[in-house]
Amino acid sequence: MLTARTAMSQLIIFTDIDGTLIDLTTYSFAEAAPAVTAVLARHIPLILCSSKTRAEQMHLRQALGIGDPFIVENGSAIFIPQGLLPFEFAHRLMGGWQVIELGVTAVTIQAALTAVRHETGLLFQGFADLSAAEVAAITGLDEAAAVRAQQREYSETIVTPLAAPELAQLATALAAKGLAIVSGGKFYTVTGAGSDKGTAVTHLTALYRQKFGHVTTIGLGDSANDRPLLTAVDQPYLVQKPGGVWQEMDVPGLERVTAVGPRGWRLAVEGNDG
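The letter at position 59 of the sequence shown is residue 39 when you use the numbering used here, and the numbering goes up by one with no holes.
A couple of the hints might just be wrong.
Label pairs and their calculated CB-CB ranges [stated by the list, open to error]: (1) G76 x Y7: 24 to 32 Å; (2) V127 x P222: 23 to 31 Å; (3) G224 x A70: 39 to 47 Å; (4) E123 x D214: 35 to 43 Å; (5) V127 x V225: 12 to 20 Å; (6) L64 x A10: 37 to 45 Å; (7) Q105 x P145: 15 to 23 Å; (8) P145 x G63: 48 to 56 Å; (9) R41 x A108: 33 to 41 Å; (10) D230 x G63: 20 to 28 Å; (11) R22 x L103: 23 to 31 Å.
If you're looking for bench data, these hints aren't it; they were derived computationally from the structure.
Even glycine gets a Cβ: it sits at the ideal position worked out from N, Cα and C.
Modelling step: build the complete structure from the supplied sequences, incorporating the hints.
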């Protein structure tokens, strides 16, 4: 199993959630849970890095017993428990969290999406346009989980299927407003163009390096929006999607795990014996 430090290097794990740590359809983390428990027992930082909101990730962290920092809404912000890092760094204090904000607000994104609808004639809906019951029906979440998914602070989730020309048109219109759209496991996420998972991972890795000296980073993902994360780590792993296929991705040193979602997560983590 993994050890926290190997050859004087602190190991850190950055992981996507949907389709990687948890099942894409059932949202269960049961298959990954034993490996998560082993990682936490060895005091290896386990950093959730997802399009999911703060509310969603707080709920999952509590269920898994994770106390480490986490990265929300496709790299838009990093939440660090206050006092975890014993040195000064630029942040915003929110309750007991030191927050590094890399993206733009959800209010800004909503205004831009409204303008893009008028400018392009594209018809699409996001979580903010739907009731919790409608989000639950579309996603398969229960209604309480749907409410957590709607608590977006730095992004918007587009649920309308888009043909390639429509997606290209939307991406161009958003880019003109300083925003970006990326495809996740099921939907599209709109964020500020200056933030992505890789930027957030690099930023947090630098802070951990300041704390520990040398660090070794592992990254796990399954979808196109995980490419920046996987590019930013020392050892990237790509788990399979349902049906036993991998997302097309060209990342140096990428290891493709022959298992779907959380089962692949467990195999990748348990295979790193340190």
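Each hint tested on the structure:
1. G76 x Y7: 24 to 32 Å: With Cβ atoms ~27 Å apart, the hint holds.
2. V127 x P222: 23 to 31 Å: Since V127 and P222 have Cβ atoms about 26 Å apart, the given range 23 to 31 Å holds.
3. G224 x A70: 39 to 47 Å: 44 Å, holds
4. E123 x D214: 35 to 43 Å: 40 Å, holds
5. V127 x V225: 12 to 20 Å: 32 Å, violated
6. L64 x A10: 37 to 45 Å: Since L64 and A10 have Cβ atoms about 28 Å apart, the given range 37 to 45 Å is violated.
7. Q105 x P145: 15 to 23 Å: 19 Å, holds
8. P145 x G63: 48 to 56 Å: Holds, at about 50 Å.
9. R41 x A108: 33 to 41 Å: Violated, since R41 and A108 (Cβ atoms, about 24 Å apart) do not stay within the stated range.
10. D230 x G63: 20 to 28 Å: 40 Å, violated
11. R22 x L103: 23 to 31 Å: The hinted range 23 to 31 Å is violated for R22 and L103, with Cβ atoms some 50 Å apart.
When the structure is compared with the earlier hints, violations turn up for hints 5, 6, 9, 10 and 11 and for no others.
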